[in-house]
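**Q** Sequence:
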Amino acid sequence: LRHSGHVIALDIPWEDDQLAEITMSVVDAFEGEDGYIRMIVTRGDGPLGIDPAPCSSPRLIVIASDLEMVNHAARGEGVRLITAATRRLPPDGLDPRIKSLNYLNHILARIEANRAGADEAVLLNAQGRVAEGTADNLFVVRDGRLLTPPVIDGALPGITRALVLQLAGEMGIEACEQSLAPYDLYTADECFLTGTGAELIPVRDIDGRAMKTCPGPVFQCCNQAFRQAIRRHCGGETR
865 LRHSGHVIAL DIPWEDDQLA EITMSVVDAF EGEDGYIRMI VTRGDGPLGI DPAPCSSPRL
925 IVIASDLEMV NHAARGEGVR LITAATRRLP PDGLDPRIKS LNYLNHILAR IEANRAGADE
985 AVLLNAQGRV AEGTADNLFV VRDGRLLTPP VIDGALPGIT RALVLQLAGE MGIEACEQSL
1045 APYDLYTADE CFLTGTGAEL IPVRDIDGRA MKTCPGPVFQ CCNQAFRQAI RRHCGGETR
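Under my numbering, the first residue of the sequence shown is numbered 865, with each subsequent residue one higher.
Calculated from the structure, these hints are not laboratory results.
Mixed in with the good hints, there may be bad ones.
[As the list claims (entries may be wrong)] Each pair of labels, with its calculated beta carbon distance range:
no.: 1; residue 1: Asp915; residue 2: Arg866; range: 19 to 25 Å
no.: 2; residue 1: Gly896; residue 2: Tyr1047; range: 41 to 47 Å
no.: 3; residue 1: Asp915; residue 2: Arg961; range: 44 to 50 Å
no.: 4; residue 1: Ala937; residue 2: Ile962; range: 32 to 38 Å
no.: 5; residue 1: Gly869; residue 2: Asp915; range: 23 to 29 Å
Using N, Cα and C, we set each Cβ at its ideal position, and we do this for glycine too.
Please build the complete structure, drawing on both the sequences and the hints.
**A** Written as structure tokens, this is what we have:
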């Protein structure tokens, strides 16, 4: 949050302990057993227009809500992907390391997935390399190696993505960033998605081409390790 705010010249005046206290108060007020927390900082009130200079002071919004990005059946059977015609914005236009709610690029790709009857869309960058999904990172398994697109290709440096790379290394699974083409997706042994809200989701086909295994053994190892990590750090289980 602070890194992204600094890059886009957005002041975040709250200290970490203040943010934690506010967030916990929202969690305490949340009535659900399992939910999703989103912290948003805006530039504050200002007149109509795109110039942020007149905005008075930053505003903090913390949301707690139910979130089920994928139904339980899809988590077991896997999701269907398409490759979107919409291309990922290049890093020199909008750096993917900036975590913001500027989702129009991804929304257009998601509309394509909806119209095609798919569960999710894969965005390619201007060079035709795989970047990410509309709300998640992507992993493939090829010859026992776990691969995910690098940030330089347009992938968001997701929290769950980083954790999966860490857990895979701890389990002795060779895992690294590597540029991928659609060919690499079609010929992969396994494919799965990761995200804070999505967690880990297996993929069963891409552009009508069935994966060799779904859910595959590497996915199952990573998913089990992920859930164990959640229990260790949070003292509970996610859905």
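**Q** Does each hint hold? Answer for all of them.
**A** Now for the hints, and whether the structure bears them out:
1. Asp915 to Arg866: 19 to 25 Å: Holds, since aspartate 915 and arginine 866 (Cβ atoms, about 24 Å apart) stay within the stated range.
2. Gly896 to Tyr1047: 41 to 47 Å: holds (42 Å)
3. Asp915 to Arg961: 44 to 50 Å: Violated, at about 25 Å.
4. Ala937 to Ile962: 32 to 38 Å: holds (34 Å)
5. Gly869 to Asp915: 23 to 29 Å: violated (18 Å)
Violation of the numbered hints given earlier is confined to hints 3, 5; the remaining hints are satisfied by the structure.
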